[in-house]
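Turn these sequences into a full structure, and let the hints guide you.
Residue-level listing of the chains:
There are 4 protein chains.
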Amino acid sequence: MRDIQNDHDDRQIPIRQAGIKNLRYPIAVLDRENKLQHTVGTIGMSVDLPHNYKGTHMSRFVEILVELEGRISPRHLGSVLKTISKRFDSTTAHLELRFPYFIEKQAPVSMARSYMDYQCAFLAAYDRRRRPTLDLVLEVAVPVSTLCPCSKAISSHGAHNQRSTVTMRTRSRSLVWIEELVEIAEAEASSPLFALLKRADEKHVTESAYSRPRFAEDVARAVALRLKADRRITWFQVESENMESIHNHNAYATVIGGAART
Amino acid sequence: MRDIQNDHDDRQIPIRQAGIKNLRYPIAVLDRENKLQHTVGTIGMSVDLPHNYKGTHMSRFVEILVELEGRISPRHLGSVLKTISKRFDSTTAHLELRFPYFIEKQAPVSMARSYMDYQCAFLAAYDRRRRPTLDLVLEVAVPVSTLCPCSKAISSHGAHNQRSTVTMRTRSRSLVWIEELVEIAEAEASSPLFALLKRADEKHVTESAYSRPRFAEDVARAVALRLKADRRITWFQVESENMESIHNHNAYATVIGGAART
Amino acid sequence: MRDIQNDHDDRQIPIRQAGIKNLRYPIAVLDRENKLQHTVGTIGMSVDLPHNYKGTHMSRFVEILVELEGRISPRHLGSVLKTISKRFDSTTAHLELRFPYFIEKQAPVSMARSYMDYQCAFLAAYDRRRRPTLDLVLEVAVPVSTLCPCSKAISSHGAHNQRSTVTMRTRSRSLVWIEELVEIAEAEASSPLFALLKRADEKHVTESAYSRPRFAEDVARAVALRLKADRRITWFQVESENMESIHNHNAYATVIGGAART
Amino acid sequence: MRDIQNDHDDRQIPIRQAGIKNLRYPIAVLDRENKLQHTVGTIGMSVDLPHNYKGTHMSRFVEILVELEGRISPRHLGSVLKTISKRFDSTTAHLELRFPYFIEKQAPVSMARSYMDYQCAFLAAYDRRRRPTLDLVLEVAVPVSTLCPCSKAISSHGAHNQRSTVTMRTRSRSLVWIEELVEIAEAEASSPLFALLKRADEKHVTESAYSRPRFAEDVARAVALRLKADRRITWFQVESENMESIHNHNAYATVIGGAART
Numbered sequence: 001m002r003d004i005q006n007d008h009d010d011r012q013i014p015i016r017q018a019g020i021k022n023l024r025y026p027i028a029v030l031d032r033e034n035k036l037q038h039t040v041g042t043i044g045m046s047v048d049l050p051h052n053y054k055g056t057h058m059s060r061f062v063e064i065l066v067e068l069e070g071r072i073s074p075r076h077l078g079s080v081l082k083t084i085s086k087r088f089d090s091t092t093a094h095l096e097l098r099f100p101y102f103i104e105k106q107a108p109v110s111m112a113r114s115y116m117d118y119q120c121a122f123l124a125a126y127d128r129r130r131r132p133t134l135d136l137v138l139e140v141a142v143p144v145s146t147l148c149p150c151s152k153a154i155s156s157h158g159a160h161n162q163r164s165t166v167t168m169r170t171r172s173r174s175l176v177w178i179e180e181l182v183e184i185a186e187a188e189a190s191s192p193l194f195a196l197l198k199r200a201d202e203k204h205v206t207e208s209a210y211s212r213p214r215f216a217e218d219v220a221r222a223v224a225l226r227l228k229a230d231r232r233i234t235w236f237q238v239e240s241e242n243m244e245s246i247h248n249h250n251a252y253a254t255v256i257g258g259a260a261r262t
Numbered sequence: 001m002r003d004i005q006n007d008h009d010d011r012q013i014p015i016r017q018a019g020i021k022n023l024r025y026p027i028a029v030l031d032r033e034n035k036l037q038h039t040v041g042t043i044g045m046s047v048d049l050p051h052n053y054k055g056t057h058m059s060r061f062v063e064i065l066v067e068l069e070g071r072i073s074p075r076h077l078g079s080v081l082k083t084i085s086k087r088f089d090s091t092t093a094h095l096e097l098r099f100p101y102f103i104e105k106q107a108p109v110s111m112a113r114s115y116m117d118y119q120c121a122f123l124a125a126y127d128r129r130r131r132p133t134l135d136l137v138l139e140v141a142v143p144v145s146t147l148c149p150c151s152k153a154i155s156s157h158g159a160h161n162q163r164s165t166v167t168m169r170t171r172s173r174s175l176v177w178i179e180e181l182v183e184i185a186e187a188e189a190s191s192p193l194f195a196l197l198k199r200a201d202e203k204h205v206t207e208s209a210y211s212r213p214r215f216a217e218d219v220a221r222a223v224a225l226r227l228k229a230d231r232r233i234t235w236f237q238v239e240s241e242n243m244e245s246i247h248n249h250n251a252y253a254t255v256i257g258g259a260a261r262t
Numbered sequence: 001m002r003d004i005q006n007d008h009d010d011r012q013i014p015i016r017q018a019g020i021k022n023l024r025y026p027i028a029v030l031d032r033e034n035k036l037q038h039t040v041g042t043i044g045m046s047v048d049l050p051h052n053y054k055g056t057h058m059s060r061f062v063e064i065l066v067e068l069e070g071r072i073s074p075r076h077l078g079s080v081l082k083t084i085s086k087r088f089d090s091t092t093a094h095l096e097l098r099f100p101y102f103i104e105k106q107a108p109v110s111m112a113r114s115y116m117d118y119q120c121a122f123l124a125a126y127d128r129r130r131r132p133t134l135d136l137v138l139e140v141a142v143p144v145s146t147l148c149p150c151s152k153a154i155s156s157h158g159a160h161n162q163r164s165t166v167t168m169r170t171r172s173r174s175l176v177w178i179e180e181l182v183e184i185a186e187a188e189a190s191s192p193l194f195a196l197l198k199r200a201d202e203k204h205v206t207e208s209a210y211s212r213p214r215f216a217e218d219v220a221r222a223v224a225l226r227l228k229a230d231r232r233i234t235w236f237q238v239e240s241e242n243m244e245s246i247h248n249h250n251a252y253a254t255v256i257g258g259a260a261r262t
Numbered sequence: 001m002r003d004i005q006n007d008h009d010d011r012q013i014p015i016r017q018a019g020i021k022n023l024r025y026p027i028a029v030l031d032r033e034n035k036l037q038h039t040v041g042t043i044g045m046s047v048d049l050p051h052n053y054k055g056t057h058m059s060r061f062v063e064i065l066v067e068l069e070g071r072i073s074p075r076h077l078g079s080v081l082k083t084i085s086k087r088f089d090s091t092t093a094h095l096e097l098r099f100p101y102f103i104e105k106q107a108p109v110s111m112a113r114s115y116m117d118y119q120c121a122f123l124a125a126y127d128r129r130r131r132p133t134l135d136l137v138l139e140v141a142v143p144v145s146t147l148c149p150c151s152k153a154i155s156s157h158g159a160h161n162q163r164s165t166v167t168m169r170t171r172s173r174s175l176v177w178i179e180e181l182v183e184i185a186e187a188e189a190s191s192p193l194f195a196l197l198k199r200a201d202e203k204h205v206t207e208s209a210y211s212r213p214r215f216a217e218d219v220a221r222a223v224a225l226r227l228k229a230d231r232r233i234t235w236f237q238v239e240s241e242n243m244e245s246i247h248n249h250n251a252y253a254t255v256i257g258g259a260a261r262t
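Residue numbers (the working numbering), protein chains in the order written: chain Z, 1 to 262; chain F, 1 to 262; chain R, 1 to 262; chain E, 1 to 262.
If you are wondering where the hints come from, they were derived from the structure by calculation, not from laboratory data.
A couple of the hints might just be wrong.
Since copy identity is lost for identical chains, a pair holds within one copy or between any two.
To be verified - 30 angstroms max Cα-Cα, derived DSS-like pairs, lysine-lysine: (1) K105 with K86; (2) K21 with K203; (3) K35 with K105; (4) K203 with K86; (5) K152 with K198; (6) K35 with K21; (7) K105 with K82; (8) K86 with K152; (9) K203 with K54; (10) K35 with K228.
Given below as structure tokens:
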């Protein structure tokens with residue numbers, strides 16, 4: 001059967017990335033307590049394609065994924081990407097894995113337990129011409145509550161507050177756990193969120209948020225300070241975005257720190 | 001050229017609805033000030049198909065839409081649906097038109113003007129066997145702010161609040177303006193939202209919301225009372241949904257009133 | 001601490017549904033091979049609220065969910081809903097659980113194995129005044145391929161085809177497996193989809209789809225015939241929707257059969 | 001009233017971008033035929049914030065937008081961004097404007113007219129320390145049809161095809177019209193899409209696509225060649241993404257050309 005992807009292409013245009021996107025697959029991620037967490041990944045995989053080849057054998061991406069049997073941890077991403085690069089005979093390879101991740105939390109007063117969901121991603125790039133060959137970014141999005149300092153300062157009672165999302169992206173020398181980034185964002189917002197809060201917890205969360213007003217700018221800066229102080233982290237980006245409760249649009253602030261891979 | 005849609009089908013299965021969905025088209029909607037508002041519609045159109053026909057001539061839906069030149073008002077929907085039904089020789093016809101609608105608002109203290117966006121829909125069904133032949137539902141979704149009565153009552157300071165959406169669907173004897181439904185929802189929430197608020201407005205909105213705590217249940221009931229009292233309205237559904245600022249999930253309440261078309 | 005939800009409400013407006021929406025939670029679903037499949041649920045839960053109560057104790061929904069420890073199967077939904085109704089002292093209760101579900105499939109020629117994802121839902125309603133008290137709808141959405149019969153009939157070569165979704169909702173006397181509905185939809189489309197196809201498989205899938213042209217109407221009817229013939233199934237709705245490869249809008253057809261719960 | 005945003009911040013962390021996101025506003029865009037096209041914008045605006053200021057006065061973004069009265073064209077973006085930078089006394093300013101844009105097209109045989117929708121964006125960045133101070137990227141996403149060359153080559157009949165999206169981003173010395181980029185993408189795919197096609201058109205489109213098989217890689221390269229040959233264009237990125245009709249995931253290819261702004 002003809003292998004048309006292997007045909008010669010004479011347009012002299014190299015392809016930066018050719019691959020697949022938006023593939024859902026069952027995966028298992030190792031959590032800090034050393035247990036496998038079963039979740040659902042949304043996956044992108046790609047390679048570069050030299051100018052003289054017509055097409056990419058897209059099915060090979062899925063074959064590699066099937067071989068992994070769903071076990072994907074940051075520790076193995078280097079070898080996964082090397083495998084991709086070898087199978088495709090490519091110079092570069094990319095893997096993007098997005099997944100909801102659950103952490104069991106306790107309500108602040110009743111100590112009632114429930115799971116909270118966090119959207120996470122491993123963004124991995126391999127380039128066989130570089131040292132190190134692997135560039136890995138961890139992304140964690142943490143839903144929190146923020147209470148507006150301006151609204152509190154100028155109002156005789158109350159202050160507008162809202163659900164916000166703190167999205168952190170980090171590059172690091174050694175492993176940073178998802179749980180660690182979640183703790184940082186939740187500590188620096190006006191309040192963390194919980195799936196389950198009893199009345200005594202609701203009182204605690206309301207009063208605690210009122211005593212900790214934070215602009216989007218404040219949250220971004222405070223998280224940035226914490227990431228900057230972590231010797232493992234070599235680069236980070238923090239974005240804090242508020243679903244404003246007085247507007248139908250969002251407010252946000254972004255801080256970038258450290259040296260991006262050049 | 002063969003017209004395969006006209007082929008005979010002998011499976012004895014009538015099609016309840018066959019049509020098109022998710023077509024974006026430029027439209028103009030008449031607003032209360034009698035001006036045409038240009039916006040972008042997302043459109044669905046369908047008809048029933050008797051058991052003995054194989055297929056529907058889907059292009060006819062778009063032809064009818066093109067003939068309308070984008071002018072779609074509730075007043076004309078009856079004749080539009082009659083046209084659809086005639087062209088397809090169908091017993092029933094449906095048209096669903098969703099669009100963002102803008103209303104100019106003034107901030108409460110500074111009186112600064114800006115536009116707020118509201119997601120609206122006309123949901124129209126025609127059945128030539130019924131009297132009246134047209135069934136028309138108007139849907140308007142109004143983003144508002146709600147402040148939690150429980151959180152206020154139990155906390156020594158502050159109260160959690162959040163962006164919420166009040167979605168109203170109404171059937172009526174005579175025309176109800178989108179602007180009227182927006183005013184009702186905004187009046188019955190803890191506070192309306194605005195695109196533009198200066199500092200004096202933010203103080204006003206914060207204090208006003210703190211003085212008007214509302215559960216999702218309260219907003220749904222208060223809006224329902226207003227719709228019930230309107231002699232034009234024969235049926236309604238109200239849903240109030242809060243993007244809780246202390247949870248990563250939403251709370252909601254639904255009230256239904258009047259006699260649905262039977 | 002004051003329990004403001006228990007306050008008396010004198011507006012004489014009963015709440016049809018009050019509850020939570022869009023809660024993500026780790027769940028385990030029993031599959032046909034009798035193994036637990038770990039996946040991620042998006043959950044809604046609600047109850048009715050009599051006219052004389054002000055509010056609902058929303059945290060109780062999450063407490064019940066936590067007690068289930070993520071094990072949710074159609075067999076247990078009756079007792080789950082009864083529990084909800086008792087805890088809230090409500091007349092009715094609803095639970096809506098949406099989740100991606102994975103089935104291992106084999107490519108038609110190479111027999112290569114991979115997982116395909118299907119969006120599923122359990123839509124359960126309880127009413128203590130009815131017999132039986134539980135109304136359960138299973139929803140399964142199956143992505144397939146459809147090839148246009150008209151395009152094939154009138155063109156000298158080729159035929160436009162596209163990714164489509166067949167969404168089935170069923171009520172049944174006894175358990176219908178997700179796997180059974182998936183098999184029906186895949187058998188009646190122009191072709192099933194696969195995550196992994198080698199070149200020999202791609203040839204097979206292309207030729208097989210070309211030999212089985214199907215309108216959206218055809219797929220909806222053929223699936224309806226199969227569901228109608230199943231003695232367990234008492235009601236169904238089938239919708240087949242094509243992401244047309246010649247348009248930027250979708251075409252669809254819906255068939256409803258059996259007696260809906262009245 | 002206290003202006004808490006003006007408070008001093010001593011954390012030594014500058015904010016890269018602080019602003020608003022996801023604001024919907026009615027806008028009018030100039031089209032190639034020199035007419036104003038009314039559409040709906042989704043808008044983001046931001047500035048940098050020096051390390052010693054606590055917060056940004058977010059309402060000023062909306063004030064500037066209101067002053068524009070919805071008239072936003074690439075020609076004016078330089079002065080709009082300069083205004084933002086002056087009002088905020090910032091070094092940099094960003095404006096991101098996304099909108100659906102409609103072009104009237106004629107079916108290839110019947111010449112029937114209808115509008116097609118294209119998602120477009122102006123991505124504008126201002127930096128007062130640079131020359132030129134304005135960096136403007138135009139983004140246009142064009143839905144097209146692609147037919148798989150491999151599937152055609154190996155199959156005895158037919159070939160799988162699907163709806164695809166070609167997304168182009170360009171920087172240019174002088175104005176490039178949205179209409180020009182749309183024409184390039186539609187010319188280099190297997191076929192353009194249309195809202196309205198009669199049977200003779202459907203035959204034409206089917207046969208024409210069958211005679212022009214294109215991988216995602218082919219489309220990306222062919223569009224890249226056209227953009228490279230345009231003397232006005234100094235940088236571009238092309239991404240072609242197929243909603244594969246044989247998979248439930250997408251295939252894509254990206255080409256980047258020219259010198260990015262450094």
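Going down the list of hints, with the structure as the test:
no., hint, verdict
1, K105 with K86, "between (42 angstroms within a copy, 27 angstroms between copies)"
2, K21 with K203, "between (44 angstroms within a copy, 22 angstroms between copies)"
3, K35 with K105, "both (16 angstroms within a copy, 28 angstroms between copies)"
4, K203 with K86, "between (57 angstroms within a copy, 27 angstroms between copies)"
5, K152 with K198, "both (25 angstroms within a copy, 15 angstroms between copies)"
6, K35 with K21, "both (28 angstroms within a copy, 29 angstroms between copies)"
7, K105 with K82, "between (37 angstroms within a copy, 27 angstroms between copies)"
8, K86 with K152, "between (58 angstroms within a copy, 28 angstroms between copies)"
9, K203 with K54, "between (63 angstroms within a copy, 19 angstroms between copies)"
10, K35 with K228, "within (29 angstroms within a copy, 46 angstroms between copies)"
Of the numbered hints listed earlier, not one is contradicted by the structure.
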